[in-house]
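Read top to bottom, the protein sequences are chains A and B.
Be aware that the first sequence starts at 1, since it is given in my numbering, and climbs by one per residue.
Be aware that the second sequence starts at 1, since it is given in my numbering, and climbs by one per residue.
Hints listed in this document are in silico derivations from the structure and should not be mistaken for laboratory results.
Just so you know, not all the hints are guaranteed correct.
To be verified - Across the chosen pairs, the derived CB separations fall in these ranges: (1) B:GLY12 <-> A:VAL21: 58 to 64 Å; (2) A:ARG228 <-> B:TYR184: 47 to 53 Å; (3) B:VAL277 <-> A:HIS169: 25 to 31 Å; (4) A:HIS41 <-> B:LEU104: 37 to 43 Å; (5) A:VAL14 <-> B:PHE190: 27 to 33 Å; (6) B:ASP199 <-> A:HIS41: 55 to 61 Å; (7) A:ARG222 <-> B:VAL277: 51 to 57 Å; (8) A:HIS41 <-> B:LEU278: 42 to 48 Å; (9) A:SER238 <-> B:ASP200: 48 to 54 Å.
As the list claims (entries may be wrong) - Which bits of chain B does chain A cover? Going by a derived footprint, with three or more residues having C-beta under 8 Å, they are: (10) 185-198; (11) 223-230.
Each residue gets a CB set at the ideal place from its N, CA and C atoms; glycine is no exception.
The primary structure of each chain is shown beneath.
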Amino acid sequence: MSARTASFRSAGAVVAVLLSVFALVWILFIARGTSFGPAIHDRKDFLITLLNGLTAAGLYFVVASGFTLIFGLMRVVNMAHGAFFLLGGYIALKLQRHWVGEGGSYGLQSSQVNMRNWIIPALIAAIIVGFVGLSMQQVFLRWNQGQELRQALITIAIAIILADQMLAHFGGVAEDIAWPGKLDTFWNLRVAGVQYTTTRLFILGVAVAVGLGLWLWLKKTRTGMVIRAGVDDRQMVSALGINIQLTFAIAFFIGSALAGLGGVMGGSFASLAPGVDSNWLLNSLIVVIIGGMGSLAGAAVGALLLGLVTNFASAYLPSDYTYYSIIFTFVLLAIVLAVRPLGLFGRPA
Amino acid sequence: MTQRSLIERVVGAAILVVALIAPLLFNTYWVSALLTQMLLLGIVAASLIFLSAYGGMVSFAQVAIYGIAGFVFGNVVTNGNTKGLNLGWSPWLGVLLAIGIATLVGVLFGALASRSFGIYFLMITLTFGVIANLFFGQVTDFSGFGGISGIPAPGLIGRVDAHPNRLYYVALGTSIVVFLLLKYVVRTPFGLSLQGVRDDPVRMSSLGYNVTLHRTLAFGFAAFVAALGGVLFVWWNGHIDPASIDLSAMIDVLVIAVIGGLYRVEAAWLGAFVFVVLNNYSQRISFVGPRFHTLIGLVFLAIVLVSPNGLIGLWERFLDLVASGRSRGGPAEPIAEIPAGSDA
Numbered sequence: 001m002s003a004r005t006a007s008f009r010s011a012g013a014v015v016a017v018l019l020s021v022f023a024l025v026w027i028l029f030i031a032r033g034t035s036f037g038p039a040i041h042d043r044k045d046f047l048i049t050l051l052n053g054l055t056a057a058g059l060y061f062v063v064a065s066g067f068t069l070i071f072g073l074m075r076v077v078n079m080a081h082g083a084f085f086l087l088g089g090y091i092a093l094k095l096q097r098h099w100v101g102e103g104g105s106y107g108l109q110s111s112q113v114n115m116r117n118w119i120i121p122a123l124i125a126a127i128i129v130g131f132v133g134l135s136m137q138q139v140f141l142r143w144n145q146g147q148e149l150r151q152a153l154i155t156i157a158i159a160i161i162l163a164d165q166m167l168a169h170f171g172g173v174a175e176d177i178a179w180p181g182k183l184d185t186f187w188n189l190r191v192a193g194v195q196y197t198t199t200r201l202f203i204l205g206v207a208v209a210v211g212l213g214l215w216l217w218l219k220k221t222r223t224g225m226v227i228r229a230g231v232d233d234r235q236m237v238s239a240l241g242i243n244i245q246l247t248f249a250i251a252f253f254i255g256s257a258l259a260g261l262g263g264v265m266g267g268s269f270a271s272l273a274p275g276v277d278s279n280w281l282l283n284s285l286i287v288v289i290i291g292g293m294g295s296l297a298g299a300a301v302g303a304l305l306l307g308l309v310t311n312f313a314s315a316y317l318p319s320d321y322t323y324y325s326i327i328f329t330f331v332l333l334a335i336v337l338a339v340r341p342l343g344l345f346g347r348p349a
Numbered sequence: 001m002t003q004r005s006l007i008e009r010v011v012g013a014a015i016l017v018v019a020l021i022a023p024l025l026f027n028t029y030w031v032s033a034l035l036t037q038m039l040l041l042g043i044v045a046a047s048l049i050f051l052s053a054y055g056g057m058v059s060f061a062q063v064a065i066y067g068i069a070g071f072v073f074g075n076v077v078t079n080g081n082t083k084g085l086n087l088g089w090s091p092w093l094g095v096l097l098a099i100g101i102a103t104l105v106g107v108l109f110g111a112l113a114s115r116s117f118g119i120y121f122l123m124i125t126l127t128f129g130v131i132a133n134l135f136f137g138q139v140t141d142f143s144g145f146g147g148i149s150g151i152p153a154p155g156l157i158g159r160v161d162a163h164p165n166r167l168y169y170v171a172l173g174t175s176i177v178v179f180l181l182l183k184y185v186v187r188t189p190f191g192l193s194l195q196g197v198r199d200d201p202v203r204m205s206s207l208g209y210n211v212t213l214h215r216t217l218a219f220g221f222a223a224f225v226a227a228l229g230g231v232l233f234v235w236w237n238g239h240i241d242p243a244s245i246d247l248s249a250m251i252d253v254l255v256i257a258v259i260g261g262l263y264r265v266e267a268a269w270l271g272a273f274v275f276v277v278l279n280n281y282s283q284r285i286s287f288v289g290p291r292f293h294t295l296i297g298l299v300f301l302a303i304v305l306v307s308p309n310g311l312i313g314l315w316e317r318f319l320d321l322v323a324s325g326r327s328r329g330g331p332a333e334p335i336a337e338i339p340a341g342s343d344a
């Protein structure tokens with residue numbers, strides 16, 4: 001089997017390299033029939049697409065890092081992660097509307113919102129979602145440790161109930177959280193005359209901060225050390241007299257809170273509506289399948305690949321075919337699975 | 001024959017007789033709306049249970065395959081007045097293409113996912129399913145958001161509202177054929193080695209069996225079964241849109257399989273029956289009203305927590321009480337013991 005697997009892999013790797021080279025040449029020099037044309041002629045739109053990809057990757061990373069943290073330590077596939085995302089968004093939305101009001105006839109505008117009225121709802125939403133996740137883990141998952149499929153099914157049941165209850169309480173109309181007025185501006189990058197939305201750069205900044213924070217936490221603190229040890233060998237860690245259940249609880253709290261925080265940013269950047277939860281569950285799954293489940297670096301790389309591929313595919317396909325861009329998400333996934341079934345940074349369990 | 005299997009055979013025969021004379025026993029609404037839907041959902045769930053019970057693969061992609069069959073049929077047979085290609089070809093050619101293309105996509109999905117095991121397999125097939133859903137939502141050449149309407153069933157079956165019993169019997173016949181086919185396949189040498197792969201992929205691999213190929217072929221075969229359900233679905237519904245195969249539809253089929261029981265093929269139709277009846281009657285319960293999905297979520301949660309082997313597991317426990325407590329010699333292991341996360 002190994003010879004066959006090896007040939008399968010090298011074929012996949014060759015396809016991956018050829019496709020990337022072709023994509024690069026196409027974007028830089030050819031790009032026939034696209035709205036922007038080749039990047040050497042239109043640096044501005046190329047740069048904007050690149051930034052769109054990077055900032056989208058930031059949001060993917062924030063949400064998926066929570067997913068991969070929980071999975072890496074506990075082998076729990078939290079199918080309610082998308083529902084947690086949506087719940088976080090709705091909580092922040094309701095808090096902001098409660099404090100600032102419903103706004104004028106056009107709804108709440110960013111000019112009516114100051115920094116505090118965005119950050120405090122965001123933090124409260126993240127903490128509440130963290131506790132929701134923690135209680136789900138304590139009530140339903142803790143005593144099923146090791147039964148991966150059963151735990152996944154339990155979180156699916158919770159996701160169904162949460163999604164339906166959110167539809168009942170928050171309605172089916174798409175709504176969005178207002179950015180603070182200070183952020184809702186354009187930033188002059190002084191490169192190729194690009195004016196870029198500050199909010200997207202803010203998302204990217206938060207993502208980098210979350211990534212750094214998680215990295216420092218996992219590398220430098222005692223809890224982080226226990227988590228890294230637990231990812232490798234849970235039984236050994238608990239045999240050494242460490243309270244692994246407490247570590248599980250902390251990881252589940254942080255992982256769910258990251259989904260909630262992602263929901264607040266996603267709800268400000270785009271909007272909140274039924275169905276958003278399944279899109280974000282999909283995004284998190286793709287990021288961790290590409291990057292390798294349980295790996296923080298893998299989540300970062302997976303988020304970058306997904307963000308860049310989706311944005312460049314929809315911008316640089318010929319205009320008549322832009323709606324085929326979803327195919328590229330599948331191709332990305334297919335190539336990674338063909339070359340590395342456990343993801344780029346994945347290790348056998 | 002043990003007492004247990006005697007009881008099971010008598011009950012099975014009774015259910016079959018009731019199903020055969022159902023149009024005499026139930027009103028048209030029950031036959032055309034509930035029982036036909038139960039049968040076609042049961043076929044899709046049966047393909048999932050086959051993969052889970054005999055291949056150790058819990059798949060989310062069955063609904064995508066069923067949707068692909070439905071969309072292909074719709075594109076091929078419709079003639080103007082709707083989205084899609086509107087090829088206007090013969091419905092039997094449509095059936096052939098629908099099942100052929102859906103099976104091929106199934107083989108492709110299977111080839112990509114089959115080197116992953118347990119919970120990874122579940123996640124990968126979930127992403128395939130959601131991507132298929134988004135594909136049909138975005139690509140207006142084949143469907144677009146509104147979907148394909150006015151899909152006719154072949155003339156032999158006719159319009160469902162005019163001849164409700166014809167489609168019911170076709171669905172019943174297909175269900176019986178699918179059930180017997182699945183029962184047969186698991187007894188063939190291929191089915192037996194598939195079960196070996198389920199139990200210990202490493203050992204099977206060192207015995208010289210191609211693990212990946214077995215799992216890919218099993219996935220392709222299950223895709224064929226799911227495609228049958230998809231064709232019946234568009235005949236029954238006359239319409240298919242991306243919402244027919246979205247995440248909640250995928251979860252619905254998984255719920256059906258789990259409520260029934262993930263380790264016996266019969267459980268698919270049992271789960272589908274409970275699901276369809278709950279779906280239909282929960283609207284009338286005042287405190288449930290439109291909150292059907294909360295109710296089904298709670299039922300699902302209760303089943304997973306209390307009886308991981310589903311209703312068929314409860315039934316077997318009941319049989320154990322009635323008959324002398326001989327240990328069950330079933331072909332598959334209960335869900336709680338499916339090895340997950342192991343890697344070849």
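Failing hints, ascending?
Checked against the structure, the hints that fail are numbers 8, 9, 10 and 11, while the rest are satisfied.
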